[in-house]
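Please model the complete structure; the sequences and the hints are all you need to start from.
2 protein chains.
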Amino acid sequence: MSAEKFLSAGARAMRSSLIRQLTGLVNRPDVISFAAGSPNAATFPHERFTEIYNDLTARERGRIFQYSVTRGNAQLIHAVCGRSREIKSIAASPEETILLSGSQQGLDFVGRVLLDPGDAVFVEMPSFIGATAAFANLGARLFGVNCDEDGMDIDHLARQAASARKQGLTPKFAYVIPNFQNPSGRVWSPARRRELYALAARENFLVFEDDAYGELYFDDAAPADLLPVKALDEDDRVIYMSTFSKILAPGLRVAWIHGPEAIVRRIEFCKETGDLCTATLSQRIVLEFLRRGEMPAQTDRVRAFYTGKAAKMRAAAAAHFDGLAQWTRPRGGLFLWLRLFAAIDTLPLLRESVERDKVAFIPGAPFFVDGSGSNALRLSFSNVSDENIEIGISRLSRRVRERRP
Amino acid sequence: MSAEKFLSAGARAMRSSLIRQLTGLVNRPDVISFAAGSPNAATFPHERFTEIYNDLTARERGRIFQYSVTRGNAQLIHAVCGRSREIKSIAASPEETILLSGSQQGLDFVGRVLLDPGDAVFVEMPSFIGATAAFANLGARLFGVNCDEDGMDIDHLARQAASARKQGLTPKFAYVIPNFQNPSGRVWSPARRRELYALAARENFLVFEDDAYGELYFDDAAPADLLPVKALDEDDRVIYMSTFSKILAPGLRVAWIHGPEAIVRRIEFCKETGDLCTATLSQRIVLEFLRRGEMPAQTDRVRAFYTGKAAKMRAAAAAHFDGLAQWTRPRGGLFLWLRLFAAIDTLPLLRESVERDKVAFIPGAPFFVDGSGSNALRLSFSNVSDENIEIGISRLSRRVRERRP
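Residue numbers (this note's numbering), protein chains in the order written: chain A, 1 to 405; chain B, 1 to 405.
In short, the hints are calculated from the structure, not lab data.
For each residue, glycine too, the CB sits at the ideal point set by N, CA and C.
A hint or two may mislead.
To be verified - Residues from chain B shown here face chain A by an in silico Cβ test under 8 Å; the list is partial:
id, residue
1, Met1
2, Glu4
3, Phe6
4, Ser16
5, Ile64
6, Ser101
7, Gln105
8, Ala133
9, Ser163
10, Ala222
11, Asp236
12, Thr273
Said to hold, decoys possible - Footprint (simulated), chain A over chain B, 3 or more residues, beta carbon under 8 Å:
id, segment
13, 111-119
14, 252-262
15, 276-290
Structure, rendered in structure tokens:
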């Protein structure tokens, strides 16, 4: 019997993302991979985690392996709200806050709470594939919005919103990553953040702000221009999401959302039937880490690590790609985005680069909901040694030079 | 601004389950609670977990806090398939298997992969609320099927399937918990399992079998009559789910599904946009526990623990409820199901019982999709001390006696 005929309409339309399909190609151990977007395991404070784990089990025995409440550990919610107030100028109460099993779960649940099939969502071009795939799986209509160095082109966003309404679709939200975006590394200017908020208010849609990378700035002190859109929110219009994945460790699967109470309550309903609760041990490790006051030193260490990697990457790009491409100068995060001057499709380039040079990256097109971006590519410097950054970028530039028409 | 108006149709229809709403009432520390369905933390092998944790971090350092693959740790999948072959007579390949962040996630994902709004799902009366809520949240039409001591009334199931088709609805699956069901504690007879499979084949719908409690039998050796429906499956018709929550610890959030490859692949797509991966540390702890050969001794300990509790519970019920109610004699699991002879609504009874006797349970009606069962109640013996089992059941019987018309 074929089980295919029992699938829901949604399941029939589901696709694995191209990045996932490339996993086998880009994760070969002999390949210098700028593809993996994961944080570097050397930044995970495993020794502290081990101290904490042993203290917790000595004190609480089996209880840290019991179910926890769906909304998330109340003390951790309290601590997260305090941190958001302190370092992000976000005033969110525990009632406006929920913990999630990683921010991918937040993308899915926010989508489920807000989106009926055919609803319009506005996304940056390029945008994060995990987000566009989650919204598309729920039947959303994705409208790509042009971007420049300062963020979304707000006039284009307005035109896309008008176009959606003209087609009879309901604009529900704009999904944006204003700080060190995956994949572009771009930072939105404060003016653009204000303009986005103003347009959303005028056109009456929500803003879904993903701040996964906001603490990974390369400056010595937090730059003032990273203040989230949520800090401007006077009208319960912004859903803000961030995660411990990049500043602590992604395998813990702990993220959080601050948003309007009515939406957060529905996210909790989703989570109640979606996974009941986030892993209890993970929540307790994070809580204890915060309680012990370890986070400032930890984020300093993580920032120093990526600041060094990014400097190597920028130097290698300057040495080898001058005249071949333009690229972002990331001020934080894990990514550098490179657009080739020549019309070279980076998907076949990837296959060639892996086979012949043993160098991997992610082709640009999947990040664009309008199918453009085929001459772009995403380079992550997170998991590549300093030496291999230079070797890999040099080989890649040679390959591009050779492939120029 | 009210965020309510942005909610999806699905979110507007979402409800928190009655059990969740009762949480505040039944979890008061001064109350003897037969309400909590969670396993007892005394059964969690936290000392072994701690040894394993320290070995793992010494060897692998930060890497056990990295992302893992969406399908689940390949070695753990392999080990789970081996266990299912050995103790459940289930022949499932790794391609037919996926790990999940707890079986509640499996309920949600199987629902999303199979159900379009209005599709028919057949459930036992009573059935597990976490399942019926997940399917209802996805817009399924739930058809309750009468049950007796041996499981579902298969003739009634056939009539319900006919009734669904007559209404123009597509029967997608029957959701069943044949071993030590939550809430009834009931075990299906082997004949009923065969009849269910045969009817599903004839009427062409799937079977979704939830075996969360199957290893918690009170006999010395595994009773032959617990063999899952999946062991009969010659036609890729059965989706089988089980979990480490009851035999190891629920806070780890690790469960698994064996099912048709086409369905498991779509569940993987769901998980890719749903939570990316299950907590890495949890998967590694479970894998190492299995590798060290600890599971047989652990399940023996867990079984001994609940066998003792259940015996106390049965003795207390016999001493106090004779003539007042009929109840199941559980041969395994965590629950005893009690149906009062008098027409007493157990929801107001609960409030009275908590306020005046400090004894809590779960009222029966929420477990019935047709709204019946108001004179029934679920009693869990998992988290009550032996002494309090006797005290609590005695008080409850007095309250029932007093309330009799």
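Now for the hints, and whether the structure bears them out:
1. Met1: Holds, because the Cβ-Cβ distance from Met1 (chain B) to chain A comes to roughly 5 Å (cut-off 8 Å).
2. Glu4: holds, 5 Å
3. Phe6: holds, 6 Å
4. Ser16: This interface hint holds because 6 Å falls under the 8 Å limit.
5. Ile64: holds, 7 Å
6. Ser101: holds, 5 Å
7. Gln105: The hint holds - Gln105 (chain B) has a Cβ within 8 Å of chain A, the shortest such distance being about 4 Å.
8. Ala133: This hint holds: Ala133 (chain B) lies near chain A, its Cβ roughly 5 Å from the closest one there, short of 8 Å.
9. Ser163: violated, 20 Å
10. Ala222: Given a least distance of 25 Å, the restraint on Ala222 (chain B) is violated.
11. Asp236: holds, 5 Å
12. Thr273: holds, 4 Å
13. 111-119: holds (count 6)
14. 252-262: Holds, because 6 residues of the segment 252-262 of chain B bring their Cβ atoms closer than 8 Å to Cβ atoms of chain A.
15. 276-290: holds (count 7)
Violation of the numbered hints given earlier is confined to hints 9 and 10; the remaining hints are satisfied by the structure.
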